[in-house]
Amino acid sequence: MTAFLKLLFRNRLAALGAVVLSAVLILVLLTPVLPLQNPDITATADRFQKPFTEGHLLGTDHLGRDLLSRLLHGTRLSLAVGIAAALIAATIGSAIGIVAGYFGGRADNIIMRGVDMLMAFPYILLALVIVAALGPGLMNALIAVAAVNVPFFARNIRGITVGLAGREFIDAARLAGMGHIRIILTELLPNVLPVIIIAMSTTVGWMILETAGLSFLGLGSQPPQADLGSMLGEARSALISHPHTSVVPGIMIFLIVMSINLLGDGVRDALDPRLRSGALSRPRAMTLVERKGEVPAPTDDLLAIQDLQTQFHVGDRVYRAVGGVSLSVKAGECLGVIGESGSGKSVTALSVMGLVASPPGVITGGAVRFQGEDLIGASYESLRQKRGDRVAYIFQDPLSTLHPLYRVGRQLSEAIQSHHDIPTAETQARAVQLLRDVRIPNAEARVDNYPHELSGGMRQRVGIAMALANEPDVIIADEPTTALDVTVQAQILSLLDDLQRERGLAIIFITHDFGVVAQLCDRIAVMYAGRIVEEGPTPSVLEAPAHPYTKRLIACVPELGGGQRALAAIPGLPPLVDDLPPGCAFASRCEKAQETCRTGEVMLKGDASRAVRCHYPEEAI
Amino acid sequence: MGGYIVKRLVSAVPVLLGITIIVFLIMSLIPGDPATAILGSYATPENMEKLNRDLGLDKPVITRYFIWITNMLTGDFGRSYSLNRPVIDEVLERFNATLILAGTAFVLCSVLGILAGVVSAARQYGVADKIITFVVLIGISVPAFFLGMMMILLFAVNLRWLPVSGMYAIYGGGDLPDLLRHLIMPALALAAVATGVIARLSRSAMLEVLRQDFIRTARAKGVPERRVIMGHALRAAMVSIIPVLGIQAGFVLSGAVYIEIVFQWPGVGRMLVDAILKRDLLLVQGGVVFVAACYVLFNIAVDVAQSLLDPRIKT
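Residue numbers (our numbering), protein chains in the order written: chain E, 1 to 621; chain S, 1 to 315.
Think of the hints as simulated: they come from the structure by calculation, not from any bench. A couple of the hints might just be wrong.
Which stretches of chain E does chain S cover? Using the computed rule of at least three CB atoms under 8 Å from a CB of chain S, they are [what the hints assert, rightly or not]:
| hint | region |
| --- | --- |
| 1 | 389-396 |
| 2 | 421-428 |
| 3 | 534-548 |
Computed list of chain E residues with no C-beta within reach of chain S, every gap over 12 Å [as the list claims (entries may be wrong)]:
| hint | residue |
| --- | --- |
| 4 | Val28 |
| 5 | Asp46 |
| 6 | Asp116 |
| 7 | Pro122 |
| 8 | Ala147 |
| 9 | Leu209 |
| 10 | Gly218 |
| 11 | Arg282 |
| 12 | Ala285 |
| 13 | Gly323 |
| 14 | Leu350 |
| 15 | Glu453 |
| 16 | Val488 |
| 17 | Leu580 |
| 18 | Glu601 |
| 19 | Gly606 |
Each pair of labels, with its calculated beta carbon distance range [claimed, not checked]:
| hint | chain 1 | residue 1 | chain 2 | residue 2 | range |
| --- | --- | --- | --- | --- | --- |
| 20 | S | Asp76 | E | Leu87 | 37 to 45 Å |
| 21 | E | Arg317 | S | Ser240 | 27 to 35 Å |
| 22 | E | Ala238 | S | Leu277 | 41 to 49 Å |
| 23 | E | Ile198 | S | Leu25 | 27 to 35 Å |
| 24 | S | Thr74 | E | Leu87 | 54 to 62 Å |
| 25 | E | Leu399 | S | Val164 | 38 to 46 Å |
Glycine residues also receive a C-beta, built at the ideal position from the N, C-alpha and C atoms.
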């Protein structure tokens with residue numbers, strides 16, 4: 001609770017709302033003992049005095065009554081009526097909701113039908129009907145406003161109750177022989193109460209406004225008694241000649257409603273943990289770059305990642321997701337990047353085209369060169385022109401990576417039209433051809449499907465087709481087969497293999513699956529805790545792993561037909577990338593680790609054809 | 001699609017019946033004798049009896065309900081005693097004015113609200129976002145009737161840009177430009193709160209969508225950022241914005257009652273308030289049922305729009 005209040009008041013606006021609201025409440029509570037004039041005494045001779053005149057701080061109204069006194073008494077009345085309406089609505093609505101939710105079945109059905117009917121009205125129509133039936137008057141306005149808000153509480157509380165009624169502690173109470181009323185009062189109500197209170201605090205401002213509104217229309221409080229609404233209503237006829245009589249009550253309503261809104265927002269934000277972590281931040285169009293240090297010189301590779309460093313800045317914490325990674329591919333080559341979840345392989349891949357979500361992602365060093373041109377320092381437009389055109393991505397989980405509301409054909413067309421000025425009729429035809437290329441049967445019909453109408457394997461092929469749309473030079477495939485079953489996976493892999501051969505494109509293939517790597521890749525890079533620990537041609541890495549981590553990782557793979565043997569899981573967990581130990585990141589899990597492994601920097605030894613980051617490699621390289 | 005619309009229309013029938021039952025039940029709760037309320041306490045017994053017979057009040061409640069509802073189905077909503085004309089004629093005439101006002105306000109709040117929300121989300125924590133957030137906070141906190149009064153003071157009285165009130169100028173008015181000049185202030189005042197609510201919702205819906213994987217896909221294939229925001233993200237965000245537009249339409253319709261009073265707009269809301277103060281109950285009953293029915297139909301249109309927008313909804 002104190003943590004909640006602290007969080008609430010760290011929000012300066014919410015604190016402001018609380019201060020204004022408390023000030024109004026204190027004033028209103030003190031009203032009877034303040035030295036104020038009688039709010040109902042008329043003095044026609046003193047009518048329409050301006051504010052700050054002698055004896056009348058806020059002036060007088062059309063009957064010469066003191067406005068300050070009327071304002072405070074009116075506020076008192078408005079707040080009292082609004083809060084009373086909220087209490088009544090909450091009590092009746094919650095009772096209905098609890099009964100419907102607890103008993104369920106037919107009672108629930110009938111009650112909720114009735115609630116739906118009431119909610120089919122624009123709220124004021126219902127309020128007007130009730131006031132029409134009962135006659136104008138403050139009490140009747142209160143009843144109308146409370147009645148209009150009953151369905152809101154009934155529906156919300158019913159939802160909560162339905163969830164609770166199925167829980168074990170209710171069953172236990174029932175088995176213990178407790179009656180329905182006792183279960184509701186002693187077991188359900190205490191659990192529902194916080195929700196009722198929150199719902200009430202968010203609606204009370206609204207109800208104050210609604211009763212003021214009815215009074216404004218002349219259907220609420222009747223003269224000489226006045227709440228804020230009827231003060232404003234009476235002042236309306238003198239709006240043009242004496243605006244201050246309208247402005248005074250109007251500003252008071254505004255202050256009350258705004259402070260309740262501010263407070264309500266604060267409460268909501270403090271209760272919503274997503275907002276606390278800042279996770280609701282929108283990722284920018286490209287990853288933020290704050291590059292320190294020198295930019296490495298160009299090489300003659302098609303795509304070269306050079307000493308890339310990508311971090312996540314969350315609050316004060318810095319997560320070094322990618323801590324100086326260098327990789328490169330040549331045309332027609334397939335490079336496999338392998339590692340456990342969280343090793344930084346996906347972040348490396350996304351950094352290439354500035355697709356790491358930022359905030360919180362920041363590229364803090366190194367370079368990514370496509371045909372020698374540095375992409376990290378490139379402008380948004382020059383990066384955009386290469387995205388999908390020269391360097392394309394295939395992502396994992398095609399259900400979430402395809403737009404759910406666009407037809408597949410349109411998404412393919414758009415990939416082309418983002419880079420080429422080609423009429424839609426032509427790109428649609430090209431889309432069909434692309435779907436055929438990735439072996440989707442009945443491609444002519446499939447272009448008009450939405451993603452949810454396709455199977456997982458087909459969606460993944462659409463993802464591949466989209467990457468191929470502009471015949472790119474490089475494809476970065478981020479675990480494209482992880483979500484698929486084995487037969488579909490094999491088809492997708494052979495498809496990629498064919499494409500690589502036919503079109504001579506370079507592929508960076510990210511996975512945690514050695515089987516896939518062995519089948520597809522010419523070279524392998526193994527990542528651990530944001531760095532490359534071993535790199536080399538596929539056969540030599542798989543058959544003679546040099547880094548203890550690679551060796552253990554390969555030992556984890558069950559072998560088909562290899563008979564039963566104990567799978568060698570690696571003990572311990574990878575280190576957290578916001579708190580990397582000095583020396584080798586794998587040292588704490590490594591059997592061969594010596595003292596030297598735990599200090600200083602362990603360098604990657606060897607060259608791009610075969611390298612390892614270890615003082616005591618398993619194999620000489 | 002046609003089948004879906006028919007299905008929704010059929011499902012509206014019990015809702016409409018429910019509305020008539022609720023209105024009828026509340027109206028028959030009236031304390032005392034309606035004839036006395038209408039004729040006053042000095043009426044002769046003969047007159048009271050005649051009126052009771054005319055109003056059908058001498059019959060049992062259920063019979064009265066069925067008479068009322070069958071009459072309504074034939075377009076007979078009864079006769080307003082205070083205006084001495086058929087209720088339906090008056091309601092249709094007034095509803096036309098309300099529709100112009102509330103419809104304009106609804107279009108305004110939808111367009112402005114969504115636009116503000118999108119800009120706010122696309123420039124999160126930027127200057128535009130902060131300005132919009134501040135204006136929205138003010139907008140949702142000012143009661144529509146007070147905002148309307150302040151607008152009259154500023155734009156009509158002090159600056160003399162716009163007419164103070166009414167729907168047409170009394171002399172020489174009546175054409176479209178005249179209507180528009182009269183419409184600007186009330187429509188804006190009516191749209192203010194809903195604009196704020198929709199802007200807030202659109203902002204958070206956009207922020208939610210912009211974090212989705214398919215936005216990253218759109219960027220990865222090189223879609224220009226403007227299209228990512230206004231196309232991919234907004235399209236997906238609309239799925240959660242549209243239902244709120246339906247709810248806000250109800251609030252706009254409700255707010256119209258206040259705005260019609262403030263700007264003396266000859267709409268159905270002002271008619272209802274007058275009718276309540278004059279105890280013209282048939283007029284209240286007929287007006288409420290008519291407007292509520294229109295609102296139910298409008299919400300069906302919203303559902304249909306939603307199903308057109310989201311192919312995942314089974315129709």
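Comparing the hints with the structure gives:
Figure legend: the region 389-396 of chain E, annotated as covered by chain S; annotation consistent (4 residues with Cβ-Cβ distances under 8 Å, at least 3 required). Counting residues of the region 421-428 of chain E whose CB lies closer than 8 Å to any CB of chain S gives 0, so the stated coverage by that chain is violated, three being the minimum. Judged by the Cβ-Cβ criterion of 8 Å, the region 534-548 of chain E is not covered by chain S as claimed, because only 0 of its residues qualify and three are needed. The beta carbon of E:Val28 is kept farther than 12 Å from every beta carbon of chain S, the shortest such distance being approximately 18 Å.
The Cβ of E:Asp46 sits about 23 Å from the closest Cβ of chain S, beyond the 12 Å cut-off, so the non-interface label holds. For E:Asp116, the requirement that its beta carbon stay farther than 12 Å from each beta carbon of chain S is not met, with the minimum near 7 Å. Not every CB of chain S is more than 12 Å from the CB of E:Pro122 (nearest about 4 Å), against its label as outside the interface. With a closest Cβ-Cβ approach of about 9 Å to chain S, E:Ala147 is found to fall inside the 12 Å limit, against its non-interface label.
Distance check for E:Leu209 against chain S: the nearest CB is about 6 Å away, which does not clear 12 Å, and the non-interface claim fails. Non-interface status of E:Gly218 relative to chain S is broken: a Cβ of that chain comes within 12 Å, the nearest being about 6 Å off. With 12 Å as the threshold on Cβ separation, the claim that E:Arg282 sits away from chain S is violated: the shortest Cβ distance comes to roughly 4 Å. Residue-level check failed: E:Ala285 sits 4 Å from the nearest beta carbon of chain S, not beyond 12 Å.
For E:Gly323, the non-interface assignment is confirmed: its Cβ lies about 23 Å from the closest Cβ of chain S, beyond the 12 Å cut-off. With a least CB separation of 8 Å from chain S, E:Leu350 falls inside the 12 Å interface cut-off, contrary to its annotation. Against the 12 Å criterion, E:Glu453 falls within the reach of chain S, whose nearest CB is about 8 Å from its own CB. In this structure E:Val488 is separated from chain S by more than 12 Å, as the shortest Cβ-Cβ distance comes to about 20 Å.
In this structure E:Leu580 is separated from chain S by more than 12 Å, as the shortest Cβ-Cβ distance comes to about 27 Å. Once the 12 Å rule is applied to beta carbons, E:Glu601 is consistent with being away from chain S; the minimum gap is 33 Å. Every beta carbon of chain S lies more than 12 Å from that of E:Gly606, the smallest distance being close to 33 Å; the non-interface claim holds. Between S:Asp76 and E:Leu87 the Cβ separation comes to about 42 Å, which falls inside the hinted range of 37 to 45 Å.
Between E:Arg317 and S:Ser240 the beta carbons are some 32 Å apart, a value that agrees with the proposed interval 27 to 35 Å. Separated by about 20 Å at the C-beta atoms, E:Ala238 and S:Leu277 break the suggested range of 41 to 49 Å. In this structure the supplied range 27 to 35 Å holds for E:Ile198 paired with S:Leu25, their Cβ-Cβ distance being about 32 Å. Taking 54 to 62 Å as the suggested C-beta distance range, the pair S:Thr74 and E:Leu87 does not conform, at roughly 45 Å.
For the hinted restraint 38 to 46 Å between E:Leu399 and S:Val164, the CB-CB distance of approximately 58 Å leaves it violated.
In summary, the structure is inconsistent with hints 2, 3, 6, 7, 8, 9, 10, 11, 12, 14, 15, 22, 24 and 25 from the numbered list given earlier, while agreeing with the others.
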